[in-house]
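A.B. asks: So the sequence lines, in the order shown, correspond to chains A and B.
Just so you know, the numbering used here puts 369 at position 369 of the first sequence, and the rest follows in order with no gaps.
Just so you know, the numbering used here puts 1477 at position 477 of the second sequence, and the rest follows in order with no gaps.
By construction, these hints were calculated from the structure, which means they are not laboratory data.
All figures in this text were calculated on a predicted structure; none of them were measured in a lab.
One or more of the hints may lead you astray.
The list that follows gives simulated cross-link-like pairs (lysine-lysine, PhoX-like), each with its CA atoms no further than 25 Å apart [said to hold, decoys possible]: (1) B:K1002 <-> B:K1122; (2) A:K455 <-> B:K1474; (3) B:K1455 <-> A:K472.
Partner residues are not named here, just some residues of chain A that face chain B (Cβ under 8 Å, in silico) [unchecked claim]: (4) F363; (5) P454; (6) I462; (7) M468; (8) K472; (9) K474; (10) R475; (11) N476; (12) H479; (13) N503; (14) P504; (15) L508; (16) P509; (17) G539; (18) S541; (19) F543.
Just so you know, even glycine gets a beta-carbon here, dropped at the ideal spot from N, CA and C.
Number of protein chains: 2
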Amino acid sequence: MKSTYVERIAALRALMEARGWDAVVFSGSDPHSSEYPAARWKQVEWLTGFTGEAGDLVITMNHAGLWTDSRYFIQALTQLEGTGVELHKTRIPGAVSIPQWLSDKAKTVAVDGLCWNVSAVKEISDALGEEGTVVDVPDMLDELWEGRPHIPMTPITTLDVDTFGGTVRRDKISWLRKWMLIKGVDRMLLTSLDEIAWMLNVRACDIDYNPLVISYLLISHDSVRWFVKKSVAEGYSDPDTLDSFSEIEMDDVVVDDYDAVFFGLSDFSEEQSPVTLFVDPSTLNHHLYTYIQDSYPSERIVTGTSPVILEKSVKTESEIENLRQTHVDDGVAMEKFLYWLEKEVEAGVPVTEWDASERLTEFRAEIPGYRGNSFENISAYGPGAALPHYSTPKEGSAVIRPFGLYLVDSGGQYLTGTTDITRTVPMGECTQMEMEDYTLVLKGMIDLSMAVFPKGTAGCQIDSIARMPLWKAKRNFGHGTGHGVGYYLCVHEGPQSIRYQYNPQPLLPGMVTSNEPALYREGMHGVRHENIVLCREAGESEFGEWLDFETLTCCHIDTSAVLPELLGPEALAWLNEYNEWVYQRLSPNLSCEVAEWLRAKTLPL
Amino acid sequence: MKSTYVERIAALRALMEARGWDAVVFSGSDPHSSEYPAARWKQVEWLTGFTGEAGDLVITMNHAGLWTDSRYFIQALTQLEGTGVELHKTRIPGAVSIPQWLSDKAKTVAVDGLCWNVSAVKEISDALGEEGTVVDVPDMLDELWEGRPHIPMTPITTLDVDTFGGTVRRDKISWLRKWMLIKGVDRMLLTSLDEIAWMLNVRACDIDYNPLVISYLLISHDSVRWFVKKSVAEGYSDPDTLDSFSEIEMDDVVVDDYDAVFFGLSDFSEEQSPVTLFVDPSTLNHHLYTYIQDSYPSERIVTGTSPVILEKSVKTESEIENLRQTHVDDGVAMEKFLYWLEKEVEAGVPVTEWDASERLTEFRAEIPGYRGNSFENISAYGPGAALPHYSTPKEGSAVIRPFGLYLVDSGGQYLTGTTDITRTVPMGECTQMEMEDYTLVLKGMIDLSMAVFPKGTAGCQIDSIARMPLWKAKRNFGHGTGHGVGYYLCVHEGPQSIRYQYNPQPLLPGMVTSNEPALYREGMHGVRHENIVLCREAGESEFGEWLDFETLTCCHIDTSAVLPELLGPEALAWLNEYNEWVYQRLSPNLSCEVAEWLRAKTLPL
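With the hints as constraints, model all of the structure from the sequences given.
C.D. replies: This is how it looks when you write it as structure tokens:
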């Protein structure tokens, strides 16, 4: 198997030699800067076997290197063994970035300009200096990659906002046009798939776990053109998709072919005078940007952050109402699963991490409106849980035993929202260290849940609230405390976050964010407690206007591994109240057996 | 009295008319960007009567406006009444800055280029646009201000670092030259007075409370030239100063006249080739910068942040050792004062805020090595304490009564360091609100004192730790939580801070910072608890390297207004331990009477 990757890299090097390229760089992304690409764009995986969700690859004639962050260090070392590809660690002190690394090792660097955003290619180009050249070779691997997957064409559905929450398409378009008017731009190109799905209220399954449609959207003051692979022009005839197109066209959106975006961008016939185009270089790909630069005078290209990102992050009243119910439904599935797991393991049934993951998905699938999982379940027992992004193997995953900690991080996509929850489950007796870690992480999660803060506060300003209980014990975790969560969209979205790194975006009422401090001990165990929280108004005082969090996630937190003296009275009171709320909300929807079990689980500590 | 200011502004307007200036702007600073200027540069006060420590003034033909922040709103409104000068609030939402305000109201703007730093004048100039002009008129007020004070010429002393801590002058110069070598610059001009005092280990009293010498320092790889008013060239003959000059000259520092800085900067005779000059535009004044631009080709002027600021903020081992003892000595004075105050008020003696302030200074003056106060004592009872920067009036200050809260914020300058301490003292019975505010502010101060954080953490990342107890009660304070403190230097110094606003400077071991959350209720009371804390190494774990704080301030915190249930068990334990430590450290230096009293004050709650 490993020899496959060695051969593929050798074939690429032959191509490089023939073309005179010193280096080739591949991103782990797609033409839309997606966090997770469709199979067609898993170029790094095809070349190296590395399946992590973040990883960029550099190939020179005598070196192959994968750049990835701490979430994937262990996975990368395992998967890259025998391929000749070396791991370059990112986000560590002294890390050397790809542009820095290339600067004294290559003059001519080939990139698949479709899969790198404008900013990233500019960094490489700047690092190479005046004597260096970046060659844009779109779909460079086509000639080597036999049977390379096509752009996916899953059925497209439109969302009925009356039932499922949100704002109608026409209103979103009007809002964006108003923004364009104020900004003084004639056209705006949307390239990010979740922004497009949100704008048009459309969903598909083009990317695993992300209900997106691979497409571009071009909006001007008098037209909206949607460039999508499944357009009628291509002879695609899925009836649901055709219905969706008809519905969308009734809102004066023209559906066009995916590749017609190039023509669409340079089509000025309607306009009398030269037009101004707005693009967001953080998601626009380099190849398309080069085309735009050829079509528009430079003073007519306006770059900036797309306003859709912020608008999308602030959920509407109807979305929030749906999210509350969706989290109750999701909690019911979680409790059924946790009950099942406890009983199986108690009964001595050899349940593996994989079995548990499958069972959990089955419980979620029972929920009306379920459209799939929002990411790959992380089902990890003991040492597996020490990998923050553990990928549970189908064959040979660990058996869950009646002691120690089991961690399950999972979520669902529903017509009424997206969920993301982590519970760390004490399966029986735990060590002192497991209980300490369990309690300190929980205290951090609860302290953040109880936070109140002035309007204008950014997530990075309150990140330390979640970490301080761990910090005081000189413990820490390497990832963010919270990410934005989409509404039946990507489970990770911006612009807000709660993290150690600087991010000036204030938390706004209506934003939905995860709260997930953690602790990982390699080879031993991992702990993560994750709830989804809604930022909301918390009233006014003579000292200003206040915000706090409403916890949306509704699933009990096991108290058996809690050390009450470490948790402290305030957090303990919160925990007892939370568990009682969970019981009251969920028990009407559970069988007597499970409800009785949950009653015992949620008794105050 | 108010008519004086009206007349002065009228005289200035006559000058403006004669010269064709649309507007004149004055800063509250001096040619060295000092936080507190000497009397000569209190131009805003001379024109308006406003005595606040931060305030910039704009005069046009039909408007006079003072720009200041929330610390001085109430004071400004009182002091400006009847002068025709209007208050413009800064650092509030929607605040309009001076450059913004001027942009559509003036074309020709005169500035005293000596008293504005480069960055500030650039902002004004940018706001005026191409059609606007900034006219630099140094010492513009000279022709109107009869008897304008001269540049102060207080005696200069040198510090004996063997006894009083720190690093010898030669080593500091070597260190800076090494930095210049790495940076590739030939000369460096230091303009900030505390940087110069630190570099040369010199002190004087040119500015109230700030032991500084008004001067410039020009360092090249083969010479050091100190431009100071008191140079022998000017015929100044104070014997201590002359001794200091002799000592400094032994370290190859040439002492020259203050105004010779211009000549010194353009004196290239020693060098063979054109030299490169480093300046820090955040403290360099516009007038001098203009001169530099005329003397150096633009590519030979390197701008950036002076490295002295950071180096100075990290105290040496000997400085830290001295600081510990200095805070014990300062604590003895504080305890004597607090004992005296309590007994006087109990006995029904009518002690005013002013009396108390005077008495406190007397106690401090008894300490060997005392060189004055580090800022104007804030001695405030009841409503006066609601002004964060209350200036205690000599006549008519409030009498301290045997109930409610008295706040005293004060500090000393000693040969072995600078102190800054605030205690809020319950004088007897307190209201529920006073006790709540007292306790919540104290909890914030203690929570921050107990913080542990990874190396690399900036103060702004842990500011919320100090605020959260208040935030949860929807209370807040408008100033920073902590500022750097100099070593027998300015009581406010950078680069670190602990504040809500972004400041990326990590806290480093050896930095000395205040920890002073607060709460102010206009017309009622103010609470502030302030200790000085030293950032220190707290060991390593598998999760990284850790820092925490050692509290230097040694003075008991009154427990009579503490609501223990609000404080919580962890902070209560800290408080009891702190008070016990204070008693153990201070009692050997107190009379039996005061020690006994302190024993009772420090019994665990």
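A.B. asks: So, for every hint listed, does it hold in this structure?
C.D. replies: Hint-by-hint comparison with the structure:
Distance restraint check for B:K1002 and B:K1122: the Cα-Cα separation of roughly 33 Å exceeds the 25 Å cut-off, and the hinted pair is therefore not satisfied. Of the pairs offered as hints, the one joining A:K455 and B:K1474 holds, with about 11 Å between alpha carbons and a cut-off of 25 Å not exceeded. Under the criterion of a C-alpha separation no larger than 25 Å, the hint pairing B:K1455 with A:K472 is consistent with the structure, at around 13 Å. Interface hint at A:F363: violated, since its Cβ lies 35 Å from the closest Cβ of chain B, which is beyond the 8 Å cut-off.
For A:P454, the shortest C-beta to C-beta distance to chain B is roughly 6 Å, which falls under 8 Å, so the interface hint holds. Residue-level restraint check for A:I462 holds (minimum Cβ-Cβ distance to chain B is 5 Å; threshold 8 Å). Proximity of A:M468 to chain B holds as hinted, the smallest CB-CB distance being about 6 Å (cut-off 8 Å). Of the supplied interface hints, the one on A:K472 holds, with its beta-carbon coming within about 5 Å of a beta-carbon of chain B, less than 8 Å.
Given hint, A:K474 at the interface with chain B, holds; its Cβ is 4 Å from that chain's nearest Cβ, closer than 8 Å. At a threshold of 8 Å, the smallest CB-CB gap from A:R475 to chain B is about 5 Å, leaving the interface hint in force. With its C-beta approaching chain B no nearer than about 4 Å, A:N476 sits inside the 8 Å limit, and its interface hint holds. A distance limit of 8 Å between C-beta atoms decides the matter here; for A:H479 the minimum to chain B is near 13 Å, and the interface restraint is violated.
A cut of 8 Å between beta carbons decides the hint on A:N503: the least distance to chain B is about 10 Å, and the hint is violated. The restraint placing A:P504 at the interface with chain B holds, with a minimum CB-CB distance near 7 Å, inside the 8 Å limit. Hint status for A:L508 relative to chain B: violated, with the closest Cβ pair at about 15 Å, above 8 Å. Proximity of A:P509 to chain B is violated relative to the hint, the smallest CB-CB distance being about 15 Å (cut-off 8 Å).
Because the beta carbon of A:G539 sits about 7 Å from the nearest beta carbon in chain B, less than 8 Å, this interface hint is met. Proximity of A:S541 to chain B holds as hinted, the smallest CB-CB distance being about 4 Å (cut-off 8 Å). Against a cut-off of 8 Å between C-beta atoms, the interface hint on A:F543 holds, since the closest Cβ of chain B lies about 4 Å away.
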